[in-house]
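*Asks:* All chains should be modelled from the sequences, with the hints used to inform the complete structure.
In the order they appear, the protein sequences are chains G and X. Per the numbering used here, residue 11 is the first one in the first sequence, and the count goes up by one each step. Per the numbering used here, residue 2 is the first one in the second sequence, and the count goes up by one each step.
The hints are simulated quantities; they were obtained by calculation from the structure and are not laboratory data. Hints may be right or wrong, so weigh each one.
Claimed, not checked - Just a few of them, taken from the derived set where beta-carbon distance is under 7 Å, the chain G residues facing chain X:
1) L64
2) E66
3) G70
4) K85
5) L119
6) R220
7) L221
Glycine included, C-beta positions come from ideal geometry on N, C-alpha and C.
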Amino acid sequence: MIHLQNIEKVYRTDTVETLALNKISLDVAKGEFLSIMGPSGCGKSTLLNIIGLLDEPSKGEIRIDDQKTANLSDKQLAQFRNKKLGFIFQSYHLINDLQVLDNVELPLLYRSTTAKERKQLATEALAKVGLSNRVKHFPTQLSGGQKQRVAIARAIVGRPEIILADEPTGNLDSAMGNEIMDILIQLNKNEGTTIIMVTHDENMAQKTHRLVRLFDGSQVQ
Amino acid sequence: MLKNYLKIAIAVLRRRKFFTFISLFGISFTLSILMVLTAFIDKVVGDNYPDKKRDRSLYISRLSEVGKGNMSSGLMSYYFLSHYAGSLKTPVKMAITSGFRGTNTYVNNKKIAVNYKYTNASYWDILEYNFLEGKAFNKQQVDNADKVAVISKDMKNEYFGDVSSVIGQYIEADNVKYRVIGVVENVPITSYMTYSDIYLPYTVAKDGGYKTNKSYQGGYYGILLANSTSDVDKMHNEYEQMVQRLPITDKNYDHIFSHADTYIKSYVDTGNEDQSGTFIVVTAISIFVIILMILPTLNLVNINITRIMERSSEIGVRKAFGASSRTLVYQFIVENIILTLLGGVIGGILSVIALRVINSANLIANLELTINFTVLFIGLLVCLIFGLLSGVYPAWRMSKLNVVTALKAQ
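*Replies:* Rendered as structure tokens:
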């Protein structure tokens, strides 16, 4: 489903060139739950951002569902992300000015849905993560675990085929982290959603189908 | 989607109250200044009381005699107006009126400042004053130099107090007593050719200048009335030709300039023969308005950039979940338009308050400023343009933000 070939990412300043990713080739099958591990600064998040089309590689090719993504316009990229991808971030990135329901509805704003449909889908997504009783709350009124569950609801509301999670349990204690992990496992199992997760936590990584390790921008496992 | 934008716009406004205050203050203050300015211009230029026949009238407000190194410019003499302007064939009537002069008078030991002016009888035919009681003086009374007066409503109240009628009573101005024969509705001082507290026949003027002054310049204005609007151009040309034929009587001068112009042209006449007064005034007002609008726009652009950049995490999230740069530009412009329209509404309310304060303080005699709804509409339109101008650049800058950078900036 996801095909990466010889992906390189170089950050350039006036004086320094840093190789963040070095010839990464990776295939992720549909319905797979993959984790990416490695020390800080090894390029995990950079790789995840490139897979999520949030960043461009300096070299190499990405294909998702047999579609080359290199030449897509800003608008096409936006549509592609909206339909195919869902994101979960370590620091949640919820919009504090909007209520939980509005936060979850956000991806649906960018496709043709009615307000009624949006509300229904967002309510269903919140029910899946066990937050039906928090729809009118603002993010600042929630705990870290609840915030991450809202973020998961936002990621799944548009029923994307792929979810990219960047250290989703990184800011949570182990109990909360396990809760979030259980939700992701259920999602993968029941809905067949492909999940790629960046993590520091060996225990969490062991719960996934496959583990990819990076070191200094190169794939070592 | 609009509802979502509205929600977030209101939330953002509430979040940084000081920024919101600065933005709203900039917009509403600018709008209210524009509103007051236009209300003033509208009143000065647009209010046609008492000269309701403006479309067929021409105003003579200046005569300049120019020579090498010499120049003398001012109002016209009664002689010039009656003898030369009065000889024109096209005008059916000509009003002659002096500029208003000030004096003090006393009622029950209370000092009252009074403005009075002298007019001919045709003045009352051309200008349609609203008589609250009595009537104007006629040609017979002028010829007889009857000491009669028409006074304004404010003068009546100030001089005589709250009485029902003052016809037949006497009012003193410049140590002379005049019999009141008419009371008219007030004219604002900005209509300087027609404003006064007391109107007297020119033949009672103490200085007798109307008889003795045979030069061109003096202390009188003239208003020429054509039979129909189609005769106005002809009347204008006839006056211009008459001025060109005027004999030079003073060896210090070699040219004489005087024009019979429309109301607005004569109102803004600066005496500069090379440049029209209308051009100067319109340019000055335009520059003022542009500066007035540019400053809050720049201020808004600046505040918006700060504001939008503060929301880079939100921008990152929206982009990650499918918002294109274009959609984001649209969102921020909509938000900005909401802000500016809010500023516009506050500006409208401020304008109403400001005009009420100005009117009640009576800063300018008899000038009753009112809200002009066309201007209010244009003002709101200007607000929309403000919203677009100040929103487009920050929105465009923001939309170019890299998603990863935006998400990291939290």
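*Asks:* Going through the numbered hints above, which ones does this structure break? Give me the numbers in ascending order.
*Replies:* Numbers 2, 3, 6, 7 - these are the hints that the structure violates, sorted from lowest upward.
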